[in-house]
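Dock chain A against the given chain G, drawing on the hints supplied.
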Amino acid sequence: NAGVTQTPKFQVLKTGQSMTLQCAQDMNHEYMSWYRQDPGMGLRLIHYSVGAGITDQGEVPNGYNVSRSTTEDFPLRLLSAAPSQTSVYFCASKGDSGSYNEQFFGPGTRLTVL
Amino acid sequence: TQLLEQSPQFLSIQEGENLTVYCNSSSVFSSLQWYRQEPGEGPVLLVTVVTGGEVKKLKRLTFQFGDARKDSSLHITAAQPGDTGLYLCAGASEGGGSQGNLIFGKGTKLSVKP
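The listed protein sequences derive, respectively, from chains G and A.
The numbering of the first sequence is my numbering, which starts it at 1 and goes up by one.
The numbering of the second sequence is my numbering, which starts it at 115 and goes up by one.
Pulled out of the complex, with its shape left as it was, chain G reads as follows (with noise of 0.2 angstroms):
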């Protein structure tokens, strides 16, 4: 029993290039979701998931995609990398819908864009 993975662990982007983050949960959670953490800021939720076809937007939305097509996978992909993107990035998940739930987080992608 894996956790949630995460890959990779480091990436150097160039201004503009593409990529897609990886995330993966074994817990056969419905609820996955993405966070961004940057210095003094916390973390802020950028995309969410209830289940299989159904995202939703977090507080920082833009500029990312995301797209949940099995249970298992939640990709967090960047179109066109900005420098303001340069952050790190940790998928969670959870076992329902409801509050109380404990989130188990990946242990992060470090993404710097030049």
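Do not take every clue at face value.
[Unchecked claim] Calculated cross-link-like contacts (lysine-lysine; reagent style DSSO-like; alpha-carbon spacing at most 30 angstroms):
id: 1; chain 1: G; residue 1: 9; chain 2: A; residue 2: 220
id: 2; chain 1: A; residue 1: 170; chain 2: A; residue 2: 184
id: 3; chain 1: A; residue 1: 171; chain 2: A; residue 2: 184
id: 4; chain 1: G; residue 1: 14; chain 2: A; residue 2: 170
id: 5; chain 1: A; residue 1: 173; chain 2: A; residue 2: 220
id: 6; chain 1: A; residue 1: 184; chain 2: G; residue 2: 9
id: 7; chain 1: A; residue 1: 227; chain 2: A; residue 2: 170
id: 8; chain 1: A; residue 1: 223; chain 2: A; residue 2: 184
id: 9; chain 1: A; residue 1: 220; chain 2: A; residue 2: 184
Read the hints as simulated data drawn from the structure, not as lab findings.
Predicted, not measured: the structure shown is a model, and the values here were computed from it.
Below, chain A alone, put in the same frame as chain G:
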């Protein structure tokens, strides 16, 4: 927009000292969670408080949810170097809105020196 104000932002203390971290909001939350994050890793859940006035203890850590469910505190007794890390509070919207998405405070970076 719901906000969680966390204080202090930084805390550096000697081993054996006591400390309290505060998490405050003008909004009511259905539940509040505390996470601990170590460098290079994702946050890990410490506790969830649900009922106004609730107090939970986890070894030397005491968590309290305010009577009005707008604030919370984390008290550490006799801090140890192993307590060093980033402590994050996170609130879930009242009424289960947005599928129970969490709103995070900006975090308290704790350093406990031997």
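Now for the hints, and whether the structure bears them out:
1. G:9 / A:220: Given pair residue 9 (chain G), residue 220 (chain A) holds - Cα atoms ~23 angstroms apart, limit 30 angstroms.
2. A:170 / A:184: holds, 17 angstroms
3. A:171 / A:184: holds, 20 angstroms
4. G:14 / A:170: violated, 47 angstroms
5. A:173 / A:220: With Cα atoms ~25 angstroms apart, residue 173 (chain A) and residue 220 (chain A) stay inside 30 angstroms; holds.
6. A:184 / G:9: violated, 36 angstroms
7. A:227 / A:170: holds, 26 angstroms
8. A:223 / A:184: Holds, because 22 angstroms separates the two Cα atoms, which is no more than 30 angstroms.
9. A:220 / A:184: holds, 16 angstroms
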